[in-house]
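As they're listed, the protein sequences go chains A and B.
For the first sequence, this note's numbering assigns the number 169 to the initial residue and increments by one for each residue that follows.
For the second sequence, this note's numbering assigns the number 169 to the initial residue and increments by one for each residue that follows.
Calculated from the structure, these hints are not laboratory results.
None of these values were measured; they are calculated from a predicted model.
Take these hints with a grain of salt, some might be off.
Intra- or inter-copy, both count: the list cannot distinguish identical chains.
For lysine to aspartate or glutamate, the following DMTMM-like pairs were computed, each having C-alpha atoms within a straight-line distance of at most 25 Å [what the hints assert, rightly or not]: (1) 182 with 336; (2) 269 with 336; (3) 269 with 206; (4) 182 with 225; (5) 182 with 216; (6) 182 with 211.
Protein chains: 2
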Amino acid sequence: MRHFTTELEQLNSKLLEMGNRVESALQRAVRSLVDQDESLVLEVLDGEHAINQMEIEIDGLATRLLALRQPVARDLRLLTAALKITTDLERIGDLTVSIAKSSRTLTLQKAALRPSPHILQMDSLVRSMLLKCLDAFLHGNTDLARSVLFADEEVDLLRDTVYLDLQDTMRREPALIPSAIALILVGRNLERIGDHATNIAEDVVFLIAGMDVRHRAKLA
Amino acid sequence: MRHFTTELEQLNSKLLEMGNRVESALQRAVRSLVDQDESLVLEVLDGEHAINQMEIEIDGLATRLLALRQPVARDLRLLTAALKITTDLERIGDLTVSIAKSSRTLTLQKAALRPSPHILQMDSLVRSMLLKCLDAFLHGNTDLARSVLFADEEVDLLRDTVYLDLQDTMRREPALIPSAIALILVGRNLERIGDHATNIAEDVVFLIAGMDVRHRAKLA
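All chains should be built: construct the whole structure from the sequences, respecting the hints.
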């Protein structure tokens with residue numbers, strides 16, 4: 169029988185792999201917007217299945233370990249955190265697919281509208297939030313996890329800017345309405361990805377510190 | 169020491185209570201759109217905290233039972249399902265708050281734009297999906313859970329209709345652009361709520377049948 173520690177390490181590394189896949193899909197989806205590159209859109213769509221399968225696989229592993237090893241304290245929290253984190257990563261994967269689809273909409277329209285610097289800033293911010301949660305999870309670093317909670321407000325502000333800019337664009341050039349809506353939805357989806365990264369960061373703090381910061385950090 | 173069965177029943181009833189609160193918040197949020205009633209918006213915003221607290225409470229209860237009772241088979245699946253389901257219910261709560269905020273945007277604009285029958289149809293469809301998952305969970309009814317998986321496609325079609333109608337509106341009347349965007353986002357949020365209800369239905373099927381239908385049912 170394998171050591172429990174080895175099994176937990178395997179679970180950790182699978183979670184990280186899932187997170188990295190999701191992050192790289194997001195990077196590709198946003199690049200497909202900038203470059204209007206259909207092949208990147210297809211890569212994101214093709215990759216969704218593998219991400220979904222990873223959720224099933226990790227949940228199965230966590231549930232099996234709960235049953236066979238009957239862990240307590242930190243190990244128990246690690247397994248329950250894994251079940252919550254895969255849910256969030258899978259949703260980020262879905263939102264990434266939505267971004268790729270918006271990108272296709274834009275390409276089909278041959279519209280001149282490209283993502284604004286604010287959208288690109290949102291993208292790099294939420295991807296960094298995502299990488300930070302994963303890193304915090306791997307190294308048991310609560311400070312890093314907490315830094316993600318604060319970044320979420322910046323994401324919300326950027327989303328408002330993106331929204332107001334595009335509303336102006338639509339008023340000035342009604343022909344750009346479909347492209348502008350597509351980009352507003354991209355902004356919304358990036359914001360939601362930031363929310364999921366925040367959820368993961370909260371789970372990581374709970375895992376490490378045994379302290380529930382959910383729905384409280386935002387008040388700080 | 170209390171009976172494990174009683175504790176599981178308590179967990180079940182708390183999950184149902186959380187689900188019912190979320191459903192009733194959604195109903196209020198959409199009614200606030202129709203009636204342009206700010207007091208309903210406030211009720212939804214005020215109720216968010218209680219929903220968030222329920223997630224923390226139920227997760228704590230599930231984790232404690234995992235630690236103390238070290239359950240196997242169906243009881244283990246019930247507890248892991250609870251952890252997944254609270255994540256989805258909490259996200260539905262967030263999306264409901266977004267809808268209430270869109271409603272406020274519309275009211276502030278004194279725009280003539282009201283939600284179309286398609287939006288109302290989406291609302292009643294996703295609320296019925298939500299109630300069905302909860303009912304399927306309570307009565308261990310996989311057929312009911314599976315019916316939710318199929319309803320999801322109808323929600324997606326309605327969302328497309330809502331989107332296209334509002335795009336037309338914006339072209340015809342640029343003054344209505346902000347209200348139209350608010351309603352497009354309502355449509356998107358209702359669609360995402362349908363996605364979360366689908367996730368819950370998949371968890372319920374897994375719980376009852378021990379069979380993972382996630383990311384597979386949609387192919388059927």
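(request) Measure nothing new, just compare the shortest in-copy and cross-copy C-alpha distances for residue 182 and residue 216 to 25 Å and report within, between, both or neither. (result) This pair counts as within: shortest intra-copy Cα distance 16 Å, inter-copy 33 Å.
(request) Pop the pair residue 182 and residue 336 into one bin, within, between, both or neither, using alpha-carbon distances up to 25 Å. (result) neither (44 Å within a copy, 46 Å between copies)
(message) Checking an output row: residue 182 and residue 211, CA cutoff 25 Å. Within, between, both or neither?
(response) within (21 Å within a copy, 42 Å between copies)
(request) Indicate which option fits the pair residue 182, residue 225 if close means a Cα-Cα distance not exceeding 25 Å: within, between, both or neither. (result) Only inside one copy: residue 182 and residue 225 sit 9 Å apart there, 28 Å across copies, limit 25 Å.
(message) Checking an output row: residue 269 and residue 206, CA cutoff 25 Å. Within, between, both or neither?
(response) Answer is within; shortest intra-copy Cα gap is 10 Å, inter-copy 35 Å.
(message) If the cut is 25 Å between Cα atoms, do residue 269 and residue 336 qualify within a copy, between copies, both or neither?
(response) Both: 23 Å inside a chain and 21 Å across chains, each within 25 Å.
Hint 1 from the earlier list is the only one contradicted by this structure; the remaining hints agree with it.
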